[in-house]
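**Q** For the protein sequence lines, the chains are A and B, in the order given.
Count the first sequence with our numbering and you get residues 1 to 110, in order.
Count the second sequence with our numbering and you get residues 1001 to 1417, in order.
No lab work stands behind these hints, which were simulated from the structure alone.
Computed from a predicted structure; not experimentally measured.
Please note that the accuracy of each hint is not assured.
Claimed, not checked - In silico DMTMM-like cross-links for lysine to aspartate or glutamate, where the CA-CA straight-line distance does not exceed 25 Å: (1) A/Lys89 x B/Asp1144; (2) B/Lys1252 x A/Asp77; (3) B/Lys1357 x B/Glu1223; (4) B/Lys1252 x A/Asp37; (5) B/Lys1209 x A/Asp73; (6) B/Lys1003 x B/Glu1054; (7) A/Lys84 x A/Glu10; (8) B/Lys1003 x B/Asp1144; (9) B/Lys1098 x B/Asp1087; (10) B/Lys1065 x A/Asp73; (11) B/Lys1357 x A/Glu38; (12) B/Lys1357 x A/Glu39; (13) A/Lys89 x A/Glu10; (14) B/Lys1386 x B/Asp1250; (15) B/Lys1290 x B/Glu1101; (16) B/Lys1252 x A/Glu38; (17) B/Lys1269 x B/Asp1319; (18) A/Lys84 x A/Glu17; (19) B/Lys1269 x B/Glu1323; (20) B/Lys1098 x B/Asp1197; (21) B/Lys1357 x A/Glu42; (22) B/Lys1252 x A/Glu42; (23) B/Lys1098 x B/Asp1144; (24) B/Lys1332 x B/Asp1289; (25) B/Lys1357 x A/Asp37; (26) B/Lys1053 x B/Asp1289; (27) B/Lys1357 x B/Glu1207; (28) B/Lys1065 x A/Asp77; (29) B/Lys1252 x A/Glu10; (30) B/Lys1226 x B/Glu1207; (31) B/Lys1252 x A/Glu56; (32) B/Lys1252 x A/Asp73; (33) B/Lys1128 x B/Asp1408; (34) A/Lys89 x A/Asp77; (35) B/Lys1252 x A/Asp34; (36) B/Lys1232 x B/Asp1216; (37) B/Lys1252 x A/Glu17; (38) B/Lys1209 x A/Asp77; (39) B/Lys1154 x B/Asp1250; (40) B/Lys1252 x A/Asp23.
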Amino acid sequence: MLLIYCPYCEEERSELEFRHGGDAHIARPTNMADITDEEFQEFFFLRDNPKGLIFERWRHIHGCGRFFNAARDTVSDKFYMSYKAGQPKPDVPGVTSAAATNENTGGNAK
Amino acid sequence: MRKYSVFAVAREAMRGHKGWEAQWTSPEPRKEYDVIIVGGGGHGLGAAYYLAKEHGITNIAVIEKGWLGGGNTGRNTTIIRSNYLYDESMDIYEHSLKLWEGLSQDLNYNVMYSPRGVMMLSHNVHDKQSFQRHVHANRLYGIDNEWLTPQQAKDFVPVLDISASARYPINGAALQRRGGTARHDAVAWGYARAASDRGVHVIQNCEVKGIRRGPDGAVTGVETSKGFIGAKKVAVSASGHNSVILSMADVKLPLHSVPLQALVSEPMKPIFPCVVMSNSVHAYISQSDKGELVIGAGTDQYNSYSQTGGLQIITHTLDAICELFPMFRRVKMMRQWGGITDNTPDRSAIQGVTPVKNLFVNCGWGTGGFKATPGSAHLFAHLIAKGEPHRLAAGLTLDRFRTGRLIDEAAAAAVAH
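Bound-form chain A, shown alone:
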């Protein structure tokens, strides 16, 4: 079970108090009626599903009830940090995202 730091309550609480909210930093298009099916698919369904660093939403559903974001490693399940909703995607010191790692391996001709 995870221990999760809620940036609003400012303390670590058990995972049982939280509900996972999917990937963070996915902006809903403001012109939803105008976008193409491809753009809707990209926004609504397609995900990086990274092995490594992920930015995700959590909701402290049995606490303050608020959404916040967290950076976590999906292999060790270790949290790097959590931060309030609306804040920009932070840099995680010493960690590059899985997508960036792929670009650096060289063997993957694009």
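Since chain A is already given, all that's left is putting chain B on it; use the hints.
**A** Positioned in the frame of chain A, the structure of chain B alone reads:
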């Protein structure tokens, strides 16, 4: 390949079992293959076998990062059934179930398919309406599924608590008698042996690190820990790691990977005659031929590749098991593990072409891929050989997330697959 038979057993018994040969060969990779399959689980090995057997393509390599049977093929609770709601699902799972019925003979390998029945417990009015809808849909489609009263359910599984005072009262059950279990790692071994016999290269301990593409964007091969291997076609069937592999070709999938846990008890004498699933309280259970209770728990709520899972998930399932079957309260659990499942938004699999030429994907089997193994492998082989999906898998294409033609088993099957 020497055929396995009662005569082979007798012959080897006479000469000290010195004549058994390796079940599959472990060759060094060639420079190039017609088809490379990424992922040596049941689906990938099976696809190689059916490509060789039915499509005449034998210049194939199956590349596996770990060892055969070390991934989800060896980590599931081995439940086989086809009582899904929608036509697209019934097509593929029933195709699979029919292949299960003859698989041991086809492969000359005992996969221990045991049609002992799969019973799904109903606890409330919603369950009852939903399961009866499944029963009717299945029977209209020619798939066996029947409705049982609580007493009929107890007659089938005598250890079930159907009393009115039970914590999770039972108001009926759906039973698919042809459903059951099979020996999971034997499925991987049987397919590997039969494929290897037809010239397929099974390459273990070889990790795919990149997908190489030519100037026209088409796939030309894969970078691996054993160097570059060329391929005319690359087919990915890597369960929880499909997103990771496909990202090497810049293909984004509608998947999220989560751990699914299972556990087994100490062995006991035969007490449990079938598979029982309860979607509402999330527990499923059967008894292996060794006597262990095989118990399936739920998934964690967050993305993870950790092959473990939260303790609260399995205690939740064991709470339910102890209420449904009070006699198991003192049974000790021996082992627990997790497998990484790749889940789609509609909880139905994806099998189809990708935006990259000659790159195929078989993914999104989520928490229910084992039962689909022969059917999925058979139809995936068709896709790889012909370049377009088989009629029975026509609904599972990747572009349904663009067109909106989803197969919404998520709601239809509650949680359990």
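**Q** A separate judgement is required for each hint: does it hold in the structure or not?
**A** Hint by hint, here is what the structure shows:
1. A/Lys89 x B/Asp1144: Answer violated: A/Lys89 to B/Asp1144 is near 52 Å, above 25 Å.
2. B/Lys1252 x A/Asp77: holds, 22 Å
3. B/Lys1357 x B/Glu1223: At roughly 17 Å apart (the allowed maximum being 25 Å), B/Glu1223 and B/Lys1357 satisfy the hint.
4. B/Lys1252 x A/Asp37: holds, 15 Å
5. B/Lys1209 x A/Asp73: holds, 20 Å
6. B/Lys1003 x B/Glu1054: Answer holds: B/Lys1003 to B/Glu1054 is near 20 Å, not above 25 Å.
7. A/Lys84 x A/Glu10: Roughly 11 Å separates the two Cα atoms, so the pair holds.
8. B/Lys1003 x B/Asp1144: Violated - the C-alpha atoms of B/Asp1144 and B/Lys1003 are around 34 Å apart, more than 25 Å.
9. B/Lys1098 x B/Asp1087: holds, 16 Å
10. B/Lys1065 x A/Asp73: Judged against 25 Å, a Cα distance of about 21 Å means the pair holds.
11. B/Lys1357 x A/Glu38: holds, 19 Å
12. B/Lys1357 x A/Glu39: Given pair B/Lys1357, A/Glu39 holds - Cα atoms ~21 Å apart, limit 25 Å.
13. A/Lys89 x A/Glu10: Holds: A/Lys89 and A/Glu10 sit about 19 Å apart, inside 25 Å.
14. B/Lys1386 x B/Asp1250: Roughly 24 Å between the alpha carbons, so the hint for B/Lys1386 and B/Asp1250 holds.
15. B/Lys1290 x B/Glu1101: holds, 22 Å
16. B/Lys1252 x A/Glu38: This hinted pair holds, its Cα atoms lying about 12 Å apart.
17. B/Lys1269 x B/Asp1319: Satisfied, since the Cα-Cα distance of roughly 22 Å is no more than 25 Å.
18. A/Lys84 x A/Glu17: At roughly 17 Å apart (the allowed maximum being 25 Å), A/Glu17 and A/Lys84 satisfy the hint.
19. B/Lys1269 x B/Glu1323: holds, 21 Å
20. B/Lys1098 x B/Asp1197: The hint holds at about 24 Å.
21. B/Lys1357 x A/Glu42: holds, 20 Å
22. B/Lys1252 x A/Glu42: This hinted pair holds, its Cα atoms lying about 9 Å apart.
23. B/Lys1098 x B/Asp1144: holds, 12 Å
24. B/Lys1332 x B/Asp1289: holds, 18 Å
25. B/Lys1357 x A/Asp37: OK: B/Lys1357 and A/Asp37 at ~21 Å, within 25 Å.
26. B/Lys1053 x B/Asp1289: violated, 31 Å
27. B/Lys1357 x B/Glu1207: holds, 22 Å
28. B/Lys1065 x A/Asp77: Judged against 25 Å, a Cα distance of about 22 Å means the pair holds.
29. B/Lys1252 x A/Glu10: violated, 35 Å
30. B/Lys1226 x B/Glu1207: holds, 8 Å
31. B/Lys1252 x A/Glu56: Holds: B/Lys1252 and A/Glu56 sit about 17 Å apart, inside 25 Å.
32. B/Lys1252 x A/Asp73: Roughly 20 Å between the alpha carbons, so the hint for B/Lys1252 and A/Asp73 holds.
33. B/Lys1128 x B/Asp1408: holds, 19 Å
34. A/Lys89 x A/Asp77: holds, 19 Å
35. B/Lys1252 x A/Asp34: Between B/Lys1252 and A/Asp34 the Cα gap is close to 23 Å, so the pair holds against 25 Å.
36. B/Lys1232 x B/Asp1216: Within the cut-off at roughly 13 Å; holds.
37. B/Lys1252 x A/Glu17: Outside the cut-off at roughly 32 Å; violated.
38. B/Lys1209 x A/Asp77: Between B/Lys1209 and A/Asp77 the Cα gap is close to 23 Å, so the pair holds against 25 Å.
39. B/Lys1154 x B/Asp1250: With Cα atoms ~52 Å apart, B/Lys1154 and B/Asp1250 exceed 25 Å; violated.
40. B/Lys1252 x A/Asp23: holds, 14 Å
When the structure is compared with the earlier hints, violations turn up for hints 1, 8, 26, 29, 37 and 39 and for no others.
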